[in-house]
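Enquirer: Given next are the chains, with one letter for each unit.
Number of protein chains: 2
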Amino acid sequence: MINLEEKVCRWIEDNKDNAVRLLKKLIAEKSTIGEEFNAQAVILEKLRQFQMEVDVYEPSIIQLKQHPYFVSGRENFAESPNIVARKHGSGGGKSIILNGHIDVVPEGSIGKWSTHPYLAVEKNGKVYGRGASDMKGGTTALLLAIEALEACGITLKGDLIFQSVTDEENGGAGTLSTVLRGYKADGALIPEPTNLKLFIKQQGSMWFRIIVKGLSAHGGTRYEGVSAIEKSILVLNALKELEKKRNVRIKDPLYHNTPIPVPINIGTINGGSWPSSVADLVQVEGRCGVAPDEDMNHVKLEIENGLKSLEKQDEWFKFHPVELEWYGAHWLPNALDENHDLVRSLEASFEKITNHTAKKEASPWGTDGGMLFHAGSIPTIVFGPGETKVAHHTDEYIEIEAMLTSAKIISLFLLDWCEIEND
Amino acid sequence: MINLEEKVCRWIEDNKDNAVRLLKKLIAEKSTIGEEFNAQAVILEKLRQFQMEVDVYEPSIIQLKQHPYFVSGRENFAESPNIVARKHGSGGGKSIILNGHIDVVPEGSIGKWSTHPYLAVEKNGKVYGRGASDMKGGTTALLLAIEALEACGITLKGDLIFQSVTDEENGGAGTLSTVLRGYKADGALIPEPTNLKLFIKQQGSMWFRIIVKGLSAHGGTRYEGVSAIEKSILVLNALKELEKKRNVRIKDPLYHNTPIPVPINIGTINGGSWPSSVADLVQVEGRCGVAPDEDMNHVKLEIENGLKSLEKQDEWFKFHPVELEWYGAHWLPNALDENHDLVRSLEASFEKITNHTAKKEASPWGTDGGMLFHAGSIPTIVFGPGETKVAHHTDEYIEIEAMLTSAKIISLFLLDWCEIEND
Chain A
1 MINLEEKVCR
11 WIEDNKDNAV
21 RLLKKLIAEK
31 STIGEEFNAQ
41 AVILEKLRQF
51 QMEVDVYEPS
61 IIQLKQHPYF
71 VSGRENFAES
81 PNIVARKHGS
91 GGGKSIILNG
101 HIDVVPEGSI
111 GKWSTHPYLA
121 VEKNGKVYGR
131 GASDMKGGTT
141 ALLLAIEALE
151 ACGITLKGDL
161 IFQSVTDEEN
171 GGAGTLSTVL
181 RGYKADGALI
191 PEPTNLKLFI
201 KQQGSMWFRI
211 IVKGLSAHGG
221 TRYEGVSAIE
231 KSILVLNALK
241 ELEKKRNVRI
251 KDPLYHNTPI
261 PVPINIGTIN
271 GGSWPSSVAD
281 LVQVEGRCGV
291 APDEDMNHVK
301 LEIENGLKSL
311 EKQDEWFKFH
321 PVELEWYGAH
331 WLPNALDENH
341 DLVRSLEASF
351 EKITNHTAKK
361 EASPWGTDGG
371 MLFHAGSIPT
381 IVFGPGETKV
391 AHHTDEYIEI
401 EAMLTSAKII
411 SLFLLDWCEI
421 END
Chain B
1 MINLEEKVCR
11 WIEDNKDNAV
21 RLLKKLIAEK
31 STIGEEFNAQ
41 AVILEKLRQF
51 QMEVDVYEPS
61 IIQLKQHPYF
71 VSGRENFAES
81 PNIVARKHGS
91 GGGKSIILNG
101 HIDVVPEGSI
111 GKWSTHPYLA
121 VEKNGKVYGR
131 GASDMKGGTT
141 ALLLAIEALE
151 ACGITLKGDL
161 IFQSVTDEEN
171 GGAGTLSTVL
181 RGYKADGALI
191 PEPTNLKLFI
201 KQQGSMWFRI
211 IVKGLSAHGG
221 TRYEGVSAIE
231 KSILVLNALK
241 ELEKKRNVRI
251 KDPLYHNTPI
261 PVPINIGTIN
271 GGSWPSSVAD
281 LVQVEGRCGV
291 APDEDMNHVK
301 LEIENGLKSL
311 EKQDEWFKFH
321 PVELEWYGAH
331 WLPNALDENH
341 DLVRSLEASF
351 EKITNHTAKK
361 EASPWGTDGG
371 MLFHAGSIPT
381 IVFGPGETKV
391 AHHTDEYIEI
401 EAMLTSAKII
411 SLFLLDWCEI
421 END
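Read top to bottom, the protein sequences are chains A and B. Residue 1 is where the first sequence starts when you use UniProt numbering, and the numbers rise one by one after that. Residue 1 is where the second sequence starts when you use UniProt numbering, and the numbers rise one by one after that.
Only chain A is shown next, with the shape it has when bound in the complex (with noise of 0.2 Å):
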């Protein structure tokens, strides 16, 4: 490496301490949909230290309900504020963005955590609390690289744009909002937690909700009604095959360690109003995986004929059909040519700081990235610290030496796609 790559690396590496504390400070600041404000505060006194233009707002709902990208769950963004920070480049060097959302989901039951999931606990070598990996980590990480360049008197030719956005894990409006105030960059790199692989491709998603009717009855003269939570039953089971027929399909050697590509998934049930009746409806919410090549209406559309053929196994279905949504949350697909020149430029990049080749994979979780890329027309990869198997998940946690690691491998990144200006 270059004496500057390791005067940055090393620079890194001493403010290790100061890094966990920015980690654990944002932990600590519970920022579930529609609580983001006191986290994002914590991001606005940290890039207050920086040199840079630093614009927060508040993203105007009126404007995102009229792009055919918007979902969202909300009425407003009041006290829900984007971040975004530019620094400007010299001139003639390619630009960047570099986005993490600040939204994390809710803890689950804080019970089953061994630690407080907004205490942000140290133990070895590990920060434990809801949002380490998903993705308070990866923010960290970016906001450690560009401090380090910062730290190191470098200037850069190209712009660089820190983005702190909300509502990610609400389908992207908040994403979606910086590229209608106008932020674009020839590349994007998003650190959700790949566990320091370059997702090129990620899975879509989409939200959806069905309703099944029963008719109540007293429970003590069950068999006069019809339990919507027994006919529940069989629409998941009917969203099990579906997954099944959904996931044979698929080829694409990136999937090849992803045991279910794009798994359909119950989020939540809730049925019935009393112990002693019989549940006349049960809501069942859920996630649907889309693959990067696949058509969001056509999955729309495999789903819907899916739970219609429950009437040939029920007759009950024929006359009472279950109610299918589309509703809250999608994240488009996206995906990366391997040889674009995002790519080749963070396994150079990831190939100095490790020693290795870079693993390449497609995610099993969408990603804003869908969203710079159809709305925005950036490229964008995602990489970053942090395990997949622990975001969404009781005790998440976050190794403090992959976050560094990834700090190391984004700034020699950025040293090489956005060019250092040589005074």
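Note that these hints are calculated values from the structure, not bench results. The C-beta atom is built at its ideal place from N, Cα and C for all residues, glycine as well. The reader is advised that the hints may include incorrect statements.
Stated by the list, open to error - Pulled from the structure, derived: some chain B residues nowhere near chain A, Cβ distances all over 10 Å:
1) E6
2) G92
3) V105
4) K213
5) K245
6) S309
Stated by the list, open to error - Computed from the model, here is a short list of chain A residues facing chain B with C-beta under 10 Å:
7) A41
8) V56
9) D134
10) R209
11) G220
12) I260
13) I264
14) W274
15) R287
16) G289
17) A391
18) H392
19) T394
Unchecked claim - Distance condition first, Cα-Cα at most 30 Å in a straight line; then the derived DSS-like pairs of lysine-lysine:
20) B:K245 - A:K112
21) A:K112 - B:K312
22) A:K126 - B:K213
23) B:K318 - A:K240
24) A:K244 - B:K213
25) B:K244 - A:K213
26) B:K389 - A:K318
27) A:K213 - B:K318
28) B:K389 - A:K213
29) A:K300 - B:K112
30) A:K112 - B:K213
31) B:K123 - A:K213
32) A:K112 - B:K123
33) B:K240 - A:K240
34) B:K240 - A:K112
35) B:K308 - A:K245
36) A:K123 - B:K318
37) A:K213 - B:K213
38) A:K213 - B:K245
39) A:K389 - B:K318
40) B:K30 - A:K213
With chain A's structure known, arrange chain B on it following the hints.
Expert: Relative to the frame of chain A, chain B by itself:
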């Protein structure tokens, strides 16, 4: 029939419209648990027209909680008064308690009702609405019978005690409090919807709550988690097996016409917190029927053991057993001897009015009869208009004719049981 009986029946016929009006007023006042106040006000308004001592009081939760049979989901009875009205007899006759509960179960999905559940629409000789059968129709029949005797100038020898109680659907705390307040009698009649059959035995029941555990994960890699929703299906199947096993044992001919004498009803299911997370917790609530001759603690043990054996089917349950809780309500079972005077007197009145022999059955649900008998040693029979199949159901209704018929039968029963004072 003797002249006086004819007179009473004719008065009831002539006052059909008034009775229907009263019933509609009662239905219009939604009286789910905690919201009984306005419906009780309608009862009170009616009772004020009678020559009865009226006692309106809020049950004391402190006193109730000391009683071993107390169950309730509520913390107090503020604005949920009980009403007891007593007409002292001239002496020498047997006393009677006429008991009806004012609380109704929630209406479920209003959209599934043909008419609004609290509009009390009259159509084809029926009045539709939540509580029509369970049991505002029965209570109306009681009030009609009492008014008929009074209008016909009849004095009874035995005391007549009318009770409009709260909290039956929670397990009978309202009725328990009438016993604790000192209201006793030689017999009791509860006009729950028996479709004019004599229910001389009543099934008891208990509520349970089961917590099923999973392991959360991101929905995109759902194979890294364990879905509590999937595991719930196994739990529901196990409960169905237990129900089968428990019911093949029941040989009592009174249950001859009952498809499932002691059902296990799954009333609610709720689990998961996010469409694209694997659910780590599901809560299932339901009601377990108890046969008249069963010991409640034995039943609890049987269910507990049945759920424990899930671990043989799936190792997950060995390390993550379900949690079973008996919560909220239970209803004590009740049984009356076939030759008890209550049965004979009611049978005789039934025959006079209908010219048919009364049918005797065991009820497929618990009533406050178990509480009156076990807590107050008051022999209790359950007999009323309306049908179980519409109770706790959408489009619940009551047939007006059945309501009038039951009022006539109950009037004649009162004349016989309490005896008429001959001036």
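Enquirer: The structure should be examined with respect to each hint, and the outcome stated for every one.
Expert: Hint check results:
no.	hint	verdict
1	E6	holds (36 Å)
2	G92	holds (39 Å)
3	V105	violated (5 Å)
4	K213	violated (8 Å)
5	K245	holds (16 Å)
6	S309	holds (20 Å)
7	A41	violated (25 Å)
8	V56	violated (27 Å)
9	D134	holds (7 Å)
10	R209	holds (8 Å)
11	G220	holds (3 Å)
12	I260	holds (5 Å)
13	I264	holds (8 Å)
14	W274	holds (5 Å)
15	R287	holds (4 Å)
16	G289	holds (6 Å)
17	A391	holds (5 Å)
18	H392	holds (4 Å)
19	T394	holds (6 Å)
20	B:K245 - A:K112	violated (35 Å)
21	A:K112 - B:K312	holds (24 Å)
22	A:K126 - B:K213	holds (26 Å)
23	B:K318 - A:K240	holds (25 Å)
24	A:K244 - B:K213	holds (24 Å)
25	B:K244 - A:K213	holds (24 Å)
26	B:K389 - A:K318	holds (23 Å)
27	A:K213 - B:K318	violated (33 Å)
28	B:K389 - A:K213	holds (18 Å)
29	A:K300 - B:K112	holds (27 Å)
30	A:K112 - B:K213	holds (10 Å)
31	B:K123 - A:K213	holds (26 Å)
32	A:K112 - B:K123	violated (54 Å)
33	B:K240 - A:K240	holds (22 Å)
34	B:K240 - A:K112	holds (29 Å)
35	B:K308 - A:K245	violated (34 Å)
36	A:K123 - B:K318	holds (29 Å)
37	A:K213 - B:K213	holds (26 Å)
38	A:K213 - B:K245	holds (28 Å)
39	A:K389 - B:K318	holds (23 Å)
40	B:K30 - A:K213	holds (25 Å)
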